[in-house]
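Protein chains in written order, with my numbering: chain A, 48 to 705; chain B, 1167 to 1881.
A hint or two may mislead.
What the hints assert, rightly or not - With beta-carbon atoms standing in for the labels, derived distance ranges:
{"hint": "1", "chain 1": "A", "residue 1": "Tyr252", "chain 2": "B", "residue 2": "Leu1749", "range": "36 to 42 angstroms"}
{"hint": "2", "chain 1": "B", "residue 1": "Pro1784", "chain 2": "A", "residue 2": "Glu686", "range": "18 to 24 angstroms"}
{"hint": "3", "chain 1": "A", "residue 1": "Ser307", "chain 2": "B", "residue 2": "Asp1877", "range": "36 to 42 angstroms"}
{"hint": "4", "chain 1": "A", "residue 1": "Arg691", "chain 2": "B", "residue 2": "Lys1565", "range": "24 to 30 angstroms"}
{"hint": "5", "chain 1": "A", "residue 1": "Gln598", "chain 2": "B", "residue 2": "Trp1729", "range": "37 to 43 angstroms"}
{"hint": "6", "chain 1": "A", "residue 1": "Gln598", "chain 2": "B", "residue 2": "Lys1425", "range": "49 to 55 angstroms"}
Think of the hints as simulated: they come from the structure by calculation, not from any bench. Remember, it's a predicted structure, so these values are computed and weren't measured experimentally. All residues carry an ideal CB built from backbone N, CA and C; glycine is no exception.
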Amino acid sequence: MLGFLKNPVVVTAEINLSLVALTVMGLMSRLWGLSYPRAVVFDEVYYGQFVSLYMKRIFFVDDSGPPLGHMLLALGGYLGGFDGNFLWNRIGAEYSMNVPVCSLRFLPALAGALCIPLAYQILVELHFSHCAALGAALLILLENSLITQSRFMLLESILIFFILLAVLSYLKFYNLQRHSSFSGRWCFWLLLTGVACSCAVGVKYMGLFTYMLLLAIAGLHFWHMLGDRTLSNVGAQLLGNMGLTRGLALLVIPVAMYLSFFYVHLALLYRSGPHDQIMTSAFQASLEGGLARITQGQPLEVAYGSQITLRNVLGKPMQCWLHSHTNTYPIRYENGRGSSHQQQVTCYPFKDVNNWWIVKDPGMQQLVVSNPPRPVRHGHIVQLVHGITTRYLNTHDVAAPLSPHSQEVSCYIDYNISMPAQNLWRVVKHNILHLKLFISACYLSHCSNSESLLFTFFFQWKILTLKNEDTEHKYSSSALDWITMDTNIAYWLHPTSGAQIHLLGNVCTWASANVAAVVYTCLSLWYLIRRRRKIYDIPEDAWQLWVSAGQICVGGWVVNYLPFFLMEKTLFLYHYLPALTFQILLIPIVLQHLSDHLCRSLLSKSMFSALVVAWFSSVCFAYRTFSPVTYGEPLSVAELKDLRWKDSWNILIRKQGR
Amino acid sequence: MPAAGGGRAGPGPLRQRGTRRLQGTPPASPLSPRPPAGRRAALGLVTLLSFASRFHRLPEPPHVCWDETHFGKMGSYYINRTFFFDVHPPLGKMLIGLAGYLSGYDGTFPFQKPGDRYEQHNYMGMRGFCAFLGSCLVPFAYLTVLELSKSLPAALLTAFILIFDTGCITLSQYILLDPILMFFLMGAVLSMVKCNSCADRPFSASWWLWLSLTGVNLAGAMGVKFVGLFVVLLVGLNTINDLWDLLGNLNLSLVTFGKHFLARVLCLILLPLTLYMAMFAVHFAVLNKSGPGDGFFSSAFQSQLIGNNLHNVSIPEQDGYPLSCHCDPYPGGLCRGEGIYTYLHKDLNNLWIIKKHDSDADSSSPVEFVRHGDIIRLEHKETSRNLHSHQHEAPLTRKHFQVTGYGINGTGDSNDFWRIEVVGRRAGRLIKVLRSKIRLTHVATGCILGSSGKTLPKWGWEQVEVTCTPYVKETPNSLWNFEDHINPKLPNISLDVLKPSFVEILLESHMVMIRGNSGLKPKDNEVTSKPWHWPINYQGLRFSGVNETDYRVYLLGNPVVWWLNLFTIGLYLLIAISTAVALKRGVQLTSEHKGELSRVVLCGGGQVALGWLLHYLPFFMMGRVLYFHHYFPAMLFSSMLTGITWDTLLKFFSQFLSPSTTARRVYEGGIVALILLIVYSFYLFHPLSYGMIGPMASDPSSPMAGLRWMDSWEF
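Next up, chain B with everything else stripped away, as it sits in the complex (with noise of 0.2 angstroms):
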């Protein structure tokens, strides 16, 4: 007998652990793998409509909408194999220069401007990828919302929300990175949560799924968009409740503690970032032709493009200047001279001749090196003018010099003295092209020449503003190097020695890619869209199609779907906070009631809440330029915790009604009246997604007549 007790008890700890667990949770019968039929009816019924709210008339407009000028140009540099520069990681564009690819698109149609026609080009493709992501999004958050409530009118709101709303489709029908964030962002919250419900078989093959699941939709959010980077923070934090609550276990021996720790690094960290530089190395190998986006990267890395001026060439190793210089003088005539600018795209006006302060070396005296400490001055090749700085203020810049090209011909004044150092170098050390950061100090003034990263207006081109800064700081705007390099006098080297390291490279793109977010400043002029425009839908974004005639698509939520939303916010804050409020005073509930509350509204609905926290208020606090569809990751949140609200809300008040009978069908009448209304509304606001043709709806004749709720929405 004790024998056989003892091997029945055989794998006791981890059963042990596992019946433990699922005290916490109350008995519902979800856990089990296998769905029952009716929800797996309605999973069918979801993904089924949505996938048709979205593929219907995905053709249409068959023109250029919006930003897919810019993402579809991305697409066809990716089958183009040309080089570019983009704000965002590779991993979105990619997959649509995929999609174009294997859908039989050549990469040839320019994408020049929205409005554009597509003729002959099949762009069908890469809509319908994105259309196919954009609707997966609807059976996820079902899925989701169905794990976190165990109720499926909750999740069935959350999908007929989903499915109905306006904006959601719109953004889901054409070429953008939208759809393909959120499908990653969606796909990690629900491997998130089905990894949470597997809590009580750890190590088990479903739970090493979902776990590695989860990494791998992270690494594809964060290499959309940068905005991935909230999701990563929100499964960060549970993930660190996760491991809080299992070290209070004291069930738990720390060896198994340090087992879940490792599990964790392994699918969440390690697994990510593996994929994440994977990513960038299929982009670098995929893009080897010098293109629009050399410019961004610096020299060392412009050398390995085919195609650009560095690619396989050899120079010498000194001379040579990354400025340009345009013949226009600075408005009013406020001083002899020309400006200076920096100028991001190279071209012939950047060259400048390197001389001795007080010589003009005549081309037959021989080689003389430039080193740490000498005084220099700097010809434009072009117009044959100094490099100059002097005691007036700099156009934009006020607290710095000014820098202007001087004299004629070569012969200046004091003024055009500059003492060129190397940073970290030691007197008299030669100076090499590419690889030393150079400053230069203006003898006169002992100010150091740099960029102060404005943009000159109309007068200057747009380009960047140089000055000559008195405040004697160590900053990246003052350094420079050397890149193009003439000199026949000098025996060329080869630049395959620059060659950069894999790590370096990936370094380098996303220090550009941050400076060039934080650049996305808006300009004078442009209406911008303020957070908090968008819980309240207060303007839309135009997608096609501004006069009468054109066929117009707005970019706009369902207003009465997004009210709801808005509304359940506070509704929702309001429940947590009585819920939490009566938890904490031991106000007498039935346990059932108790159990229902506590995990429903505070776990549940706290980690939907806490993830529209999270892609919701980082925006308040960005520089850079917003726009509307900033907010749907945020909204697809706010449309899970409406559901789940609502649900908990009917629920809990039709439970007061007497007869079992009445409670069920007020309960289920209330489910069913919300999603009436959504559907409703849909049927009012479609044109919003699926094209407005004829008169604004200002004019009484336009199927939007009367539509137009606010002010602000242009349509």
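For reference, chain A alone in the conformation it holds in the complex (with noise of 0.2 angstroms):
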């Protein structure tokens, strides 16, 4: 009974005392300060509103991204709590003591540590070297623009922590399937991948693109499967198994989390706020505050007789209230055009009292609404009188003011014989209302969160492909810049000394990573070629290593950095952090790879780790010279100027130049 006592009860832990050393060192480069500068740094002005509509339970849609990486910030200042009491509108400005700095600022940073044990354990799931994964996770701790984007309250760190978890559980998943298919921990990390890549695009849409490349990864990988004749014995049931979990564990939970993203967020947003405009009447009345305060105890249906407003429901570039005035049309635009000279319909974005029309029955006179009231219904013809001037919406075939194509909508004044009045509508719910006009569903008080969260959706998404202004910033750059580091991106500067902190990268890591990569696209090449032609330089285990290594660093280099030759929106420096991992990540490999196939020697061998390691030093120097615009220490004016090390640098030096 107690048979477990006669066995001693052992504990054995292998502890990867460099991954120790590594995680703390990151902890130490990326926490040290974290309070300082105790100002609003860059996009902290922009992302520090949301914090603050969170703390305030105010509803918002942010036309950037999806909720995740603002419920996460906010979350730092929840546990530091904020009280979301700041007014977040300029750079530069003085936090108040109310902000809880540090742990608005704990959560990206920590992403930003914890990078680092992630990149060791890529490569080594990968297959390479010990040495090759602590440099990895050297170069990753030494990159100044990862520490400066890390520091504060951004997104990049968290997305890019979320896209190397995502890559590295993938891997480790692969890896367990040769050998424990099926086990738990194969399970767990199928999941964790899911969940990953999930949260990455979460955070931003941007993680979009490494969720694509693993997806590609993963099929491949099952192509490979379906090739594989050994497996063809046990038969297509195990083949559909595979197939079914990963397509549960990689589409289905994914979508899901997503979903559920967008339900926390508006679980936890039931106040009125800035952006109720952009959402449907119906869902507007669903928060706190805002329209519900109107629309409480309003009837639901509306009946003839009843006064009304009507909102333009999809409107660009905003919605707007049908409105009239007493003011008439121009008799001549101009242009040259004439009018009808009668009363003027807008659309208006405001509420106002000349916003409200009463429904009104062509075949009876009054206006009053009968007793029962008498709905009115799909399809059922109707005139509109406008509530302050009493006149007929009415519209002819005239040209409107701007689109000489459409017909012109005017109140109708009797004084002009020559029009006949044209003042029927029919009511088509859900659709158009002869002139693009919706009846806005304005009296529904309830509505359910599911309903709404699909709103939110299709609003996010029509706000997105809306954007499309203001594509000039001081500090933006075209994507070509990036890979040479051409611009930085000035952070913060200190009021009176010469403390600023700037995204500026290591440029020796960053020409290495340069160097990598073409060096890894030519010998590919050089390989393949030469393969085709039955002629093996590597060993065929090494060749499927340098391949798959290739697949994800090279892979997701590309994904993370070519689309954005294709957008249009506004780019930053801090865009290519992704993309600048990866290819960091294929440093180490290259070298590695260099070293064990083409130094032959012994002599050349010690030859190039000694290049190695006079490289690495390098490394060290341009981060240790570069540290004090990272972390914002005091500098003189010539100190400044010496770190200028490109003209097209944007280092700021008071009472300088012109």
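Assembling the complex is the task here: the two chains are given apart, and the hints tell you how they should meet.
Shown next, in the form of structure tokens:
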């Protein structure tokens, strides 16, 4: 009974001390002096607004991305006891005492620090040596741009963390595939892949690129499995199961998770706020305050004689209400076209007493609501009477003021006999009311959360597709500048001392990463062509390693970089960081390959190692040189001028220049 | 004996290669150069039908239809030799012009707007030429499918789809670039496929012929429209694949491989490039008179055109400016001053006078030269107001500063001062007309004068906005050059020294075309066509006529054909995936099946499907205005895919039927049924292309009554 006591309880722990050391160093580099500068740095001014809105539970829609990232930032604020009372209006503004700067910046910094052990693990899972893995981790550790981006309330480090986590879990899963399919660990890593992917997408839509890459790699691996004739005895059953589990974990779960982010977002934010306008009236009515205050206790159905306002539901660029006032259209427009000279009907984006209309039955004269009220139904013919001026909404065959192809809409004035009144309108529910005027369902005061989820979804998509304005910013850059790091971004400048923080990468690492990518491509092409002629330069398993490492690292770089050439939005250097991370991982891979397969003699091997050591110390040197602008240490003008290694860099020097 | 044997084995390597290549492909008879009589008859039949359908009622309607107003006009420009600008390369319009010239059209018809009657002008030559090229598409597609599938029914099905598609007929009947483009495109595909089937006898005469024909057609396709780039891509991918196969063939020595490689470089890169440049050479040689396109090009180029202000003239080496200033204030009286806009065409309002910032130069003082780094004032010659900027936001680009004309009779304030800088020069250098690229920096705010590229609304005469950008960055938008220059005190130079070389002209015209293409953005209130509309035949284009009494022609695909095509794409995907998986899993199939499936479905169908993708997907990423007719190249590929897929499907399933006669009957019956369906639907919809007169389709007495299956169709 007490059999388990017969054997001693043994706990064997295997601790990779270098991994621990790396993590500690990472934490130190990212977390040290986190609350400095105690001022709004760069895009904190943007994300901070959302954090405040979360704290106050006020509804908003962010037009730049899905809500998970903002929610994580808000979580930091919540844990730090932030009350949301800070006016995020200017970069460089001093934080007031109620802002828990440290805890707001903690999560991104933590995510940035954890990227270092992740990089180590990824290289180990790609079957590269401990030494290469160590190199990758150190390069990430000493990358100034990643440090800068991690130390503030920004989303990129969280995004990169989830991307690397997704890659690592997929690799772990794939390596377990060979001998222990359907084991607990196998399932865990597969699930984690899906979860990390959806989190990456949930933080920024950019995560989609890596998700697609992993899906493609998973598809490729599955395709190879299909062709594996040793599995053919086991039959289609197993393959089917394999396919199903993968589909479930890599397709269904991410989608479900992604939807759940929006669910949480909506569940958290129940107060009416600045972005109500872009949502449907029905949704607005479900928020506390705002429209709900008006619609509370309103009748649900529109009847003849009801007083209503009509809102243009999907209007661009903003939603507005059907409106009329006593002014008439000018007799002639500037371009010489004539008008009906009748009362203007406009669409007005603000609430106003002139937005009220009365629904009238054309067959009856009086405007009162009959008892019992007769509801207006789909397909009914109605007249709309403007409440203040008591004129009928009318349209006729006169060109509209700005769109000559459409008919003019006016409020009919009786004196103009030559134009007969055409003031009968058919109500078409959820559809066009003759001239794209929608009857808004603003009389629904209850709206289930699932419905609004879809609405949010839809509107977010709509905003994304609509957004194309303002493609210029002082620190914006083009995608081509990123490879050579031609531009930097000034994040923060101390008002008096010369201390400043820039998003500026480790020059040495960026250059080596580019070289590594070129070397990888050239070598791969060379090997491929030689293999085609049946000349095998490297052993088959080394080739497989080389290819799979390339799939991840070069593939990751390509999918996270090239799409930006097709984008028309404003681009910044920090958009390149995920791609850069993958490119950095490639450096030790190429180095190890060179040393293993191209340095044949012992002498050349040791020469090569010496070169690598020299190169690595130059990386450390570059890190040291630029760390003042990474951490924001005060610098003299001369020192700042020395840092301006490239003319195109925008280092801020006081009382200099024109 | 050994001697005889050796003698016979003389041309060994070549023959051996040939037989080896042959073994890969199933022993099908069509490899023999002469087609059997049945195929020749079928080819004759489809060609005849194609020509008959395209030339039927060709002169109708006798007025300008749709884009004829552009391309007909451009044809006339070639005949009149006046310079013009278009966003497409010149070959298509040159061919139209040539056809008009040969058929006796004299280039006098103005082609002002759709609906203008041709009256006595001879337009049939141009229409006939386009219809001729459009008719060739059918035999081309027929031959391509025949080559890919080795199956007569598949080729016939494709041919009938294209013959009886109302969209293809309509698009071929007018003076448009599309039939010309599609001719070259299908020609390239056909020659590529033919060349592939000659792979067993490389470097033979027919191999060279098809390879170089591919190159010629590529140049043609590229020369008509930039969309030809997609077929270049298709051929390029095919060539890479081909070379990869050759590289993997260890029986080929590297030298032979090198020959293969060089042959392709010669025929598919150098030959098309030469032809393409030759086209432009002809274009610029023919158009030597000044015309409406001058303003799009640089001043140096304009000096080459007869009749242009800059032709054969000599001007002093400083001053002048291509800015126009119209005396209309910004709406709402936001600010005193006048709107400044860039104007693409040249007129008197573009002239400015350069003055020193601190003094008014009077006419008696000696000439002073403007130098790099000088601070100047620019006074508008017509209105005597100074070029001015201040920290108000510009009308469209909110982050830039507004630029206005300010002051009376040249007296303004310090916001009128600009620093003039030449790009890439040191301080103190003289500024030269035409050649110096200059930048104007506003002294007070440090911003740079530039055009934002955005078009102002009506109040700004739809001219281009000028702003002063505070972001000190090098962009082409902020570079200016002096063009006209009037100064009686300076010696004049002749502009002949500036004559650009042909390569420069070529590069410049491409820059202009690319800019023009991306500038074709949809206007406000314009209903644009979306790429996803196209395969479902969602909405057509009105070619002619709107009202009930008009002769109406509506560009719309035969819905039965198009929906069949759409359905087939899904079907093909299904078949291709299941075939690929079956082959990968090593499912037991007879070797005959295996060869057939992999060859026809994966290789042949794959090529065509790739062509469809390449001609369709890129449109989703284009920002410019899109129209329904952009889908037609993709539609050609889609139709070929339909022929191949249904033929394979019917053949595959009919094989399971027991007596071979039944199987054959089912197979042939299926194809015939499809063809009959297409012919019947064409009978229903033929008025779309051959003209509808009378009431609209909503009226029951209309010939099209009941045929308006989708509300979005406008007939």
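Going back to the hint list, which numbers does this structure go against?
Hints 2 and 6 are the ones this structure does not satisfy, whereas the remaining hints hold.
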